[in-house]
Every structure is written in structure tokens, then in C-alpha cells.
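A.B. asks: Chain by chain, the residues run as shown.
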Amino acid sequence: MSGALVLGAVAYDAKVVPIWDGFRAYFAARDLAFDYVLYTNYERQVDAQLRGEVDVAWNSPLAWIDVAARRRDAQAIAMRDTDRDLTSVVLVRDSGPIRALGDLRGKRVGVGAADSPQATLIPLVELAEAGIDVQPVRHDVLLGKHGDHIGGERDAVKALLAGDVDAACVIDGNHVAFAREGLFAPNALRAIHHTGRYDHCNMTVLGELSPQLARFRELLLAMSYDDPAVRPLLDLEGLKAWLPGRTTGYALLARAVERFGHPGRR
Amino acid sequence: MTVERTPPGAVVELGDLGMAEGAHLLIARALAAAPHVLVRGNAPTLAIDLPAWCRAHGHAIEPAGGGFAIARSPHDRWRDAERAGDASPAGVVEVAPARWGLAARGALVEAGAPTLDLALADRRAIWADEAARLYAQAAAAQWDPQTAIAWDAAGELPAAVEAAVVQVMTYLIENETAALLVPVRFLGRLHPHFREVMQLLAIQAADEARHIEVFTRRARRRGDALGVSTAGGQASLASLFDEPEFAIASFLLSVLGEGSFLLLLQFLRDHAPDLVTRDVARLAAQDEARHVAFGLAHLARHTREEPGLRDRLAASIERRHAALAHTSGLNAEVFDALILLAAGSWDPAALRAGHAAVTTLVRAMHEARAQHLVRLGFAPARADALSALHTRNFM
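Protein sequence lines, in the order shown, are assigned to chains A and B. Using our numbering, read the first sequence as starting at 300 and increasing by one per residue. Using our numbering, read the second sequence as starting at 372 and increasing by one per residue.
Isolated chain B, as found in the complex (with noise of 0.2 angstroms):
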């Protein structure tokens, strides 16, 4: 290679600063401006250091002008690099392309990168414009679960009561577990191009780490013995986790049952005997609310560019229905927990009053899931109709 006259002005003066001091970023600085170079330093051993570096680079280099004149190495790292797309919101693709794989939203990716091959990498199965706002908010509102809650209250309840709220934790602890480990499965499946999407299904798991941290405190506040977990609560759950699709596993999980199971929390939040218990559903039913809130937005997009998505989601709800029919559903044990935890007594005018309660409860909670199906775009009657045959179990 020869090394060509230098243009005026592409000239380095290193002064005495040497090439394991920093000099090459200077170098390379010019010769990313300009294809020749000229070189000037006193560093003792730039003579022996630039050759060397250069060599190691692919450039050209020979003695000139009282230093050393460059010419830019031919070969090009990044002559066929990609940009990822853009950093914005609005630079989201339809598909992420595997080759992009754990680069930046907007990172100028080299070619030859290895491929991440990540299911979910379609915009419409996945995306809410809704995803960084929900974000920001769950990011601000972390809450921490040692000073958040006043766990040294005073108060014992009666020892069925208490059972009673040690029962009910035990049971949304159980369903907070499904509800942090059935998105978690689809994050790991997640492209990372979807930034915003994959840091609001991160927090989310945060949530919920948080719920059962203090849904298990509550419970073993007078005593570590906690509740019943039954066959078919779990069948329930269980039938989450064989969903492959992500919209309808965030549909049936988030939409359905966190949109009932934030009205539980509610429900404790007001009629629970204690003001720890009023606490931590409190606490735990403002995050739920942000997990519904991300479910109908990505699946009020996501049925409005593929409408055939409804006859999906309708037919899960019933395919899942048919699937739990031969369980109990909600078991008794966390019904009548619920009632006796709403009446805070055995009296029989306080057992009237739970129950009443309870049932307004469950009534609710299909009234909601209605509203939220109709959000999606189903009929009216339709709606009342699936949300009629959702899981007993609440989640």
C-alpha cells in the first residue's frame, strides 16, 4: 500500500502524548474524517507504537512531513452495519429481525452479529403505545414493602378471623405466583426491540415478587401455618401456563383474572378486619390495576388490526371452561374465608352482611370483565355470556 500526499488540514499533532496514553483515539478520530493523515508527535516511543498500531488496524503508514502519513485502512467493520431501528417509540418495527439481537432500539448493529432467535418479535402481538406510560408509573410507584405497610399495628383478631385472612393470603399468594411466572416465560421469549414492553413485563414480575413478599408476611404474622391449597385452584392456574399464544395467555391472566382479582384486592382493601390486611391489598390492588390497564391496551390494539383475534380469546375462555369443568373452582375453604374475613365475627348479623358482600363481590367481577370484553370489541350479550363461563377460581 502506498501511502498518498496528505491533504492540508488532516494533520494530528500528538505533542507528547503517547499511544498507550490515548493518542490512537485522536488518530482514529481524523482518519474517521478523513482517509489521509499526517501524524506528528515527540512521545519517545511513537516511532515504535504508531507503526504497530497501524499495522493491527489495516493502515497504511509511512515516515513523512516530521511524522508519520496514514492512509485509512480499506476495510470496513461496519460498511454493511443496520440500524436497529430508532430509540423512539415511534421507531418500533413490525418484525424485529433475529440479527438484531440484544442490540439498543436505534444501535447501528454490525453485520455478522449472532442472531437471537426470539418468538415474540411481531409489533402487532405485543405492542401498546400505552407500555412506556405504564412504566414511568410502575416505576415511580415502587413501593417498599418494609416501610409501606405499618406492620407492627396493634390488634389481634379473633383466632377464626385471623384464620380466615390467613387463608385468603395463602390463596392470592398461590395466584400472584401464576400471575409473576406465566409473563415471565413470555419475557425470556420477548425481542428486546420492544423496549418498553419488556421493562413494563419486568416490573411487573417486580409486583408481584412484591405481593407475595407481603401477602406471606400477613399470613404469618400470628403463626407460620398457612392455608389450603386446592386441586382445583391449581388445576386453574395450571391451565395459564398452557397457553402458547401471548395475547390470549395476557388475555385470560391479565385481563380476565387480574381485572377480577384487582377487584378482590379492593374488595380486602375495604372489608378487610385489619389494617395490615387493608395494606398490602391496597398496596398490591394500585399495581394490578396498571397490569389490567397494559392487558386491554395491547389487546384493544392488537384486536383492532386482527379482528379474527376475538373468535381466539372467545374460544380460550370456553376451551378453558370445558378444561376446569370438572373441578370445584373457587373452593370453599376461600369462600367462606371471604365471608368470615368480611364479617369479622361469628355473629349471625355479621355473617349476613360478608355474605352479602361477597356476593356483591362476585357479581362485580363479572359486570367488569363484561365492561373490559366489550372494550375488546365484543357484543354485549356476547361479553356477559364468556365472562360467565370464566374460571370460578377468580384467576
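Bound conformation, chain A alone (with noise of 0.2 angstroms):
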């Protein structure tokens, strides 16, 4: 495979096989050698591009963060339709005394891993920006994957229900997701805090983009949802279609990385 193009990817699930492989036959039979490379975390695909290692890496929002503070042509080429406009919620139990974010100040503030820029990063930074101290206590799942286990959040959120923290931080969707299997019974939870718009991942390159990269970045904004050969693998990768990268929606992550410091990179 020497001469393809190299993609970075982590795996945080080991659906990540089958999704890349999907990827590498897609890209194979339209004449681009593709292969891919997997970490166990964001940090070290950082370090593995900024090496030369990787052409192309499927970062996290906070890695883009990263790695866009180290290189200023950094560019994002594409991302998911579902990584646009993401919000997340703070919850609380509706038969609770906490009615309001100032009602917060000082409680325990369940959030998923340290480095989760939906369940804890944007939603602290928040929080610290309205002037509401809290101690925020952390469902570390699966660290350097930021945030990309679900299972952080849930565990947030089953805190909550068990009464050891008073609120819970999760990503929008996960609020119905949750609800849907049954972990708390509708109206259960009340929001009180609902975030401003976030981006999530994206691809990113650096530096001009190779003829190899520019028909990376084609051949993926091609992919058809309606293509029934195609669609599995977008069905996994969680997106109807690939859309052009963009960086405006990662100013609330910046925000809180200069508050609180890169969780991975202290």
C-alpha cells in the first residue's frame, strides 16, 4: 500500500474496523489507494500527523482544537452532516429543588469523561461563564477517545437518577436516546440549561491539499446516502452526508480549552 493515502483514525469502538475497511473498498474501486491507521486515543493521532505520519486524520472536535493551535494551516475538508449545530443539555430531576443554573452553584455536577467537549467541556465552560462555580464530577469512560463512548454520559445521567450528583451534562440527542431505552422515564429530568451551537469532528488536513487528498475529499462529499452499496457504511459513521468542512463552530470549545487547559495535553 505504499504510495496511498493515509487517514488516522481512533478507535473508540470496534465498529471502527469494519467502517474503515468499508471506506478503503469504496475509495479502492473509484482508483484511489486508500489505507487507514487507528489509535487507541486523539492525542497521539495528533502527534502521528503533525509527525508527517497521517494525511488526513478524523478528528474530534477537541483534537482539531489541538491540533490547529500547533499548525495554522490546519484545515478542516470535510465533516459530517450530523457534526453541525450540536447542543448539549444540563439535567436535573424534576422532583428536585434545583429549578434554575443558579440553583447549581456549588452542587456536584455529574459529566462525562475529562476530555468530552459535549459532556463536560462545553457544558462547565458554560457554566463557568455564567459565574456558577461547581464541582464537577467526572464518568471517565474510555479517556483519550473524547467523548466518543456513549458510556460516560450515560453513567452521568444514572448518577444523576441515583441521587449522587444534582445534575447530569449530555449531548442533545442522547436526551431521547436515553429516555428511549428506558433508562429514566419521560419528564423524569427537567433541562435547565440548554448550550449554544457546536461543531463536531472533522477531516483534517495539513497544509495544501495533495491531487490524492483533493480526490479524497470529492470521492467522500460523492458518497450518496440514496447508493445502497454506500449507505451501510454512512448508517455506521452515524451521517446522511458528507458536507464541506468548516471551523466557526468550535469557538465555544476554544473557550473552554483556554479556561480549563487541554485535559490530555496537561
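Hints may be right or wrong, so weigh each one.
[Stated by the list, open to error] Each pair of labels, with its calculated beta carbon distance range:
no., chain 1, residue 1, chain 2, residue 2, range
1, B, Glu616, A, Lys314, 39 to 45 angstroms
2, B, Thr486, A, Val336, 28 to 34 angstroms
3, B, Asp451, A, Arg329, 18 to 24 angstroms
4, A, Arg369, B, Arg450, 42 to 48 angstroms
[Claimed, not checked] Where chain B lies over chain A, by a calculated footprint (3+ residues, C-beta under 8 angstroms):
no., stretch
5, 382-389
6, 478-488
7, 527-534
[As the list claims (entries may be wrong)] Some chain A residues close to chain B (C-beta under 8 angstroms, calculated; not the full set):
no., residue
8, Asp471
9, His474
10, Tyr524
11, Lys539
Rather than coming from a laboratory, the hints here were simulated on the basis of the structure. Since we're looking at a predicted model, the values are computed, not measured. Quick reminder that beta carbons are idealized off the backbone N, C-alpha and C, glycines included.
Take each chain as given, in its own frame, and dock them per the hints.
C.D. replies: Rendered as C-alpha cells:
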């Protein structure tokens, strides 16, 4: 596979292998030699890209902030439609005494993994910016994977239901997902805060796009959900369409990193 | 994506129904009917949950009109979906495509579903219009081995007659085992598009399972020792496993084999010396008649559509005859057991009558096979000659 375009991805779940094997077959069928390398954590992946070991990195938003701080020529060339305009929520028990964000002052707030943008860094920076000091209680499932694993958020909600914390932070989609899986009864939890919008993962490259990378991006954006051969890959990766990358959705997270530091780089 | 103006009428009022309580069904229904929908509701977390749901489903959403304007996703999982024929028996296709897989006949199948390469996918080779009716009959006629037979009926046979019954049961079990396993091997390769045939083969297998049960139970009524199993009998049955073509296996097993077997069971029903043996034979014969009917029905249809099949059927009898020429055919133990069973005692007059009855049975089997062959389009003389080549093991 020498000469192949190499993508870096983090193995947050076993399904990552069939996903990228599927992409490799998709690209091969279109005469683009493609291979991938899996990392156990985003910090190692960022370091590898900085050393030139991967041509494109499938980065978490925190990994993007990390690499963009080190290389001014980093660019986001593509992202999923589902990576845009996410929000997070701060949940409390509906039957409990906490009715507003201000009531959380000094309270225990269940968050996800220390490096989870959606379940930790973004909710906490909004609380901090509102002048509300809380005691974060982390639920570190798979550190280094930047909250890609859903377990940390689920544990935070379980802690809230058990009364171990006074609030829990989750990404918007997990609010319904957890209710549907029966983790809590509808309306048993109340949302007292809805964060601003932010973007999630992107395909990061450094410097100018080589013809090979341009072709990669072109083929990625051409993937159609209507194509039955491609659809299973998109379903696995959780998107309907690839969109051009944008970097306007990372301001909230950048403020969090500025305030708290990068949890994996301290 | 920009959400266009919502046309009047496409408004979903959710009230306080939340997205974790089924609200998504109302929205999905509206979006199936109209590309632009206005959703209003006052569930506490609607503003959190609805945009997240839309994002996951590729729908565009923005606040509007005291609620949310949603534009249907342009991505459609069902764009190239295909109907897998028609649910009615009339909707059976000539060749069922592997891409329909396990889908119910008549279902809308998503493009890209895994293909299931099942070799028996050609209507001509397997279909019979009678399959649905025969299946319904079979389902209605299932009997409970525990209650359908008078297991505790009084009466003890002379030891030699009991041993003859046990030998015949041993032979029946062996034959019914073949009658279960041979069709099931084809069932495992049958395209489920041919639902009625699949169901019928499945219930036939269940029939044979019950037959094996009741024959075994009858054999063990007075003791655990069963009769003998001969190399020749097994060679005859084993040859059925070698037939790769459904039509030929079905011809040899169902039409010729079970056709002969049916008469044997009727013989036992009429001549057995005890009520339990008569009962098990009577009940099994009812089921076997359906098996023969299905074999005849699909082969009659198949030979009409493909006259050349007749030559292959004839060749299969000749080939099997040659392969079994070195074997002794029906073992003497079974033949003699039938005579003694029909005689019911060592009395010479009874033995003479028993022998005559078995001779009549063998002749009747030959005539029935010849009739079946005529039904499949063979000339009477040819049918007679071919029937004579049928395995002397009966099945």
C-alpha cells in the first residue's frame, strides 16, 4: 500500500474497523489507494499527523483545537452533516429542588469523560462563564477518546438518577436516546440549560491539498445515502451526507480549552 | 439547507407529547405526506430533542410560526427498494432473486440487503399450486401422539408376533428417518419466496418426526430391544441422499418411495394384530398420503412444463436400480415379519393367509407406482417396466 493516502482514526469502538475497511473498498473501487491507521487516543493521532505519518486525520473537535493551535495551516476539509450545530443540555431531577442554573452553585454536576467536549468541557465553560462554580464529577469512560464513547454520559445520568450528583450533562441527542432505552421515565428529568451550538468532528489536513487529498475529499462528498452499497457505511458512521468542513463551530470549545486547558495535554 | 415556507395544512400539533414518548411518529407520518411540515408542541424538552432528531434523520429544521419548520431529508433509504413479488400465491415469480433474501413475499425490500444464495429458486422445479391447500390440510390434521393412540390398550401378543411387529417398526423408523432428512436438505436450500412449499416441507418433516416417535414407542412397548437394520436397506435409503436435484429426489422418495410406503402403512392398519400398531399405521398413512400428493402435484406440473424431465426421472430409476443391483433388496427379516404379523400366529392356515396378503401388497405397490408414473406422462408399458425397477426395499 505504499503511496496510498493514509487516514488516521481513533478506535473508540470495534465497529471502527468495518467502517474504515468499508471506506477503503469504496475508495479502491474508484481508483484511490487508501489505507488507515488506528490510534488508541486522539493525542497520539494528532502527534502522528504533526510528524507527517497520516495525510488526513478524522479528528474530534478537541483534537481539531489541539492541532489547529500547533499548525496555522491546519484545515478542516469535510465533516458529517450530523457534526454541525450540536447542543448539550444540563439535566436535573424534575422532583428535586434545582429549578434554575443558579441553583447549581456549589453543587455536584455529573459530566462525561474529562476530555469530552459535549458532556464536560462545553457545559462546564458555559457554567463558568455564567459565574456559577460547581463541583464537576467526572465519568471517565475511555479517556483519550474525547467522549466518543457514550458510556460516560450514560454514567452521569445514572448518577443523577441515583442522587449521587445534582445535575448531569449530555449531548442533545442522548437525552431522547437515554429516555427511549428506558434509562429514565419521560419528564423525570428537567433540562435547566441548553448550550449554544457547536460543531463536532472533521477531516483535518495540514497544508495544501495534494491531488490525492483533493480526490479523497471529492469522493467523500460524493458518497450518497441513496446508494445501497454506501448506505451501510454512512449508517455505521452516523451520517446522511458528508459536507465541506467549516471551523466556525468550535468557538465554545476553544473558550473551554483556554479556560481549563486541554485535559490530555496538561 | 434552507427550510422553505410550510404549505398550509402540513401542521403537526404535538400538545405535550414528547419526542421520547412517540411524538416522532406523528412527525414522520407528516413528513411522509408532505416535504415541509410545521411542528408545534409544549413538551418541556421539545426544543432540545426535536432538532437533535432532525439532525440524525437528515431533516432541516428552524424555528418558525411558534414552533419548528421542518424540511424533509433529501436522502431516501427506499429509493431503489423493490417489491418481492406479491403476497398471494399468484404472485410467485419464475425465478426468485437472491437479493430478496429472507424478505416476506410481497414485502418492500431495501436495496443493498444481503443476498442469500439459495439454489432452489426456480418456480418450475419446486412449485405446486396445491401446496397451500396441502399445508392447510396438514396443519389441521396434526395429531398428538400422546392422545391419538390408545397406548394402554389391553392385549399381549405371542412373543414371535410381537417380535415381528418390533422388526417392522424398526424398518419403518429407518425409512421415516430418510423421509425426514432428505427433504429437509432441500428445504435448507429453498428460496423462502416459495412460502407455501417451504411451509409444506417443514410440516412434512414434523409429520415424519411424529411417525418416528410413535413407531419407536410402539417398538418399545414390551421391551427395549429393536429389530435389525440391514446393509441393503440402508444402501437403498442412502442412494436418496445422493440426488442433487429436487425433482429427482422428490420423485424417488415421495412418489415412488412414499407411494409404496403408503400402501404398507395401510396394510399394517388393516392387518396388524394389535390396536396400537393399527393406530400408528393409520395415522401415519393419513400424513403420507399428503406427502405423495405434493410430490405428484409438483412433478406433474414440472413434467408438463419441461417434458425432458421425464427422461431424467426414468434414468434416475434405472441408475438407482443398477446401483442397488448388488444388494438384496427388502431384507428377509422384514418380509417374513410382515407375513407373521399379518398371520398373527404360527398356525399354517394363518401363515398362508399372511403370505398371500403380503404378496398382494407387493403387487398393489407395483400397480400404484405404475399409476403414478402414468400420471406423470409415462406410457403404461414404460410405467410398468420402470415400476418393476423400483427398489425392493419399498423406499
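A.B. asks: Now, for every hint given, state plainly whether the structure supports it.
C.D. replies: Results for each hint:
1. B:Glu616 <-> A:Lys314: 39 to 45 angstroms: holds, 43 angstroms
2. B:Thr486 <-> A:Val336: 28 to 34 angstroms: holds, 32 angstroms
3. B:Asp451 <-> A:Arg329: 18 to 24 angstroms: holds, 20 angstroms
4. A:Arg369 <-> B:Arg450: 42 to 48 angstroms: Once the Cβ atoms are compared, 44 angstroms apart, the range 42 to 48 angstroms for Arg450 of chain B and Arg369 of chain A holds.
5. 382-389: Answer holds; 5 residues pass the 8 angstroms Cβ test.
6. 478-488: holds (count 4)
7. 527-534: holds (count 4)
8. Asp471: Nearest chain B Cβ about 4 angstroms off; hint holds.
9. His474: Because about 6 angstroms separates His474 of chain A from the closest Cβ in chain B, which is inside the 8 angstroms limit, the hint holds.
10. Tyr524: This interface hint holds because 4 angstroms falls under the 8 angstroms limit.
11. Lys539: Lys539 of chain A check passes; min Cβ-Cβ to chain B is 4 angstroms, inside 8 angstroms.
In terms of the numbered hints stated before, the structure departs from none.
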